[in-house]
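A.B. asks: Sequence:
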Amino acid sequence: MDDEKHEECGVIGIYSKKSQPVAPLLYRAMVALQHRGQDAAGFAVHHNGKFETRRGLGLVYDIFSEEDQRLEGAVGIGHTRYPTTGRCLISDVQPSAGATTVVSHNGHISNYWDLRKEFEKEGVKMASQVDSEIILLLLQKKIGEGLESAVKYAMERLDGAYSVAGIYDGKLFAFRDRHAIRPLVYGENRDFFCICSESCALDTNNIPYAGEVRGGEMIVVENGKAAKKQLLDGAVHNCMFEYVYFARPDSIINKKWVYQVRKRLGEELAAEHPVKADIVVPVPDTSRTAAQAFSEKIGLRLEEGLIKNRYIGRTFIMPNQGARANAVKLKLNPVRPMLEGKRVVLIDDSIVRGTTLKEIVGMVRGAGAAEVHLRITSPPIRAPCFYGVDMSTYSELIANKKSVEEIRNFLGADSLGYLSLDGLKKAIGLPLCTGCLNEDYPTEYAKKLAMEDREHSG
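In the numbering used here, the protein residues as written are 1 to 458.
Quick caveat, the hints were computed from the structure, so don't treat them as lab data. Backbone N, C-alpha and C fix where the C-beta goes; we use that ideal spot for every residue, glycine too. Mixed in with the good hints, there may be bad ones.
Here are the simulated distance ranges between beta carbons [stated by the list, open to error]:
| id | residue 1 | residue 2 | range |
| --- | --- | --- | --- |
| 1 | Asp62 | Ser128 | 17 to 23 Å |
| 2 | Glu67 | Ile307 | 36 to 42 Å |
| 3 | Asp169 | Asp250 | 32 to 38 Å |
| 4 | Lys401 | Pro24 | 48 to 54 Å |
| 5 | Lys121 | Asn400 | 33 to 39 Å |
| 6 | Arg343 | Asn206 | 45 to 51 Å |
With these hints in hand, go ahead and build the complete structure from the sequences.
C.D. replies: Printed below as a string of structure tokens:
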């Protein structure tokens, strides 16, 4: 359920080869990436040596006017934001802008606070609490030596996950952390070159997908041409959550169709955890593709037993159990004739805290289900994420505190089956970051943070 976990952001960068305004394309791309952040959005375009920036709180449709979409500028970057902590403030809405450079960022800088303290000791007054400002400040330190030197310096100082789009001196540039944790794709046609978090933002602008920005690689677009440069090397660790939950199923990321990967997740789950039941029901919306594959593999009928209210946004953390139950009822409603008297297999993508899923199981039982069997398309989430997923402490993770049987009992299910780590790797078929599953973090600072939180959590 999307009120249990969130990803930080979506980024876009667009360059016009024929000096056409890119603001309308940025707008469409931000709408396409709205699922990656619903709290705020912003964009900047470069025109006549100056930046024009627009930003606001809320959804893309509500923030930007038709006048904003008519801004001049043949190169621009955009961003949709979800804050991992606290309220979303206008000062934290990206892009982050300097005198000569603007940047947007997706991911999370694990050593953010150390770098921030370093800049503050140098007398820098921070304007926000957003990671992209740190990235901008690092770039500005070395920009006098050229863009490549500045990007390499920033990449060497940053620990964590970062997919960055920026503008410098009329050039569009982008780079990705050496482990390629968060996605960053690109495409081009005769008129435009586009860099973005997912290929769905290319599709909405009729720009064909062309490939991925590699881990540790920088792309610079100028004079109508794109040039790549490998600046740092590192082992690839793609985020498994992109395929399990975050990305749109119609997107390509890391050269894989998300839809096809989710089908394989459902097939592997069915092979590992078959069950005698009557129907398969997806928890809307991200588990639907996997549920379809699970039902076909196991030979059961798929039913839309839960209907999602499309007009309810994210539910914030509720103060008590009654409020949480009411929030779930606002978002989901059971279809009683489909569930009554049935042995139901509920398919969901993951369990983080478990509070929402507990309410859903109760809702299905309340609609008359004879049995409720839970099947989850990822392994148990046992450790925090320090790369952009909103689950930052051991104490909030149910699988860190309870066994699978204890979780089943807490959720009120008749059975519970998680996809194994081997099944996950087989289904996705890529080198993965599995830090949240087994504490195998690809960066040193994240390992340090995990150790500190483990000690703090007791």
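A.B. asks: State for each hint whether it applies.
C.D. replies: Quick rundown of the hints versus the structure:
The hinted window of 17 to 23 Å between aspartate 62 and serine 128 holds, with their beta carbons roughly 22 Å apart. Between glutamate 67 and isoleucine 307 the beta carbons are some 38 Å apart, a value that agrees with the proposed interval 36 to 42 Å. Evaluation of the 32 to 38 Å hint for aspartate 169 and aspartate 250 yields a pass: the beta carbon distance comes to about 35 Å. At roughly 49 Å, the beta-carbon separation of lysine 401 and proline 24 lies within the given 48 to 54 Å, and the hint holds.
Between lysine 121 and asparagine 400, the C-beta spacing of about 36 Å keeps the proposed range 33 to 39 Å intact. The beta-carbon spacing between arginine 343 and asparagine 206, approximately 46 Å, falls within the hinted interval of 45 to 51 Å.
Of the hints listed earlier, there is not a single one the structure fails to meet.
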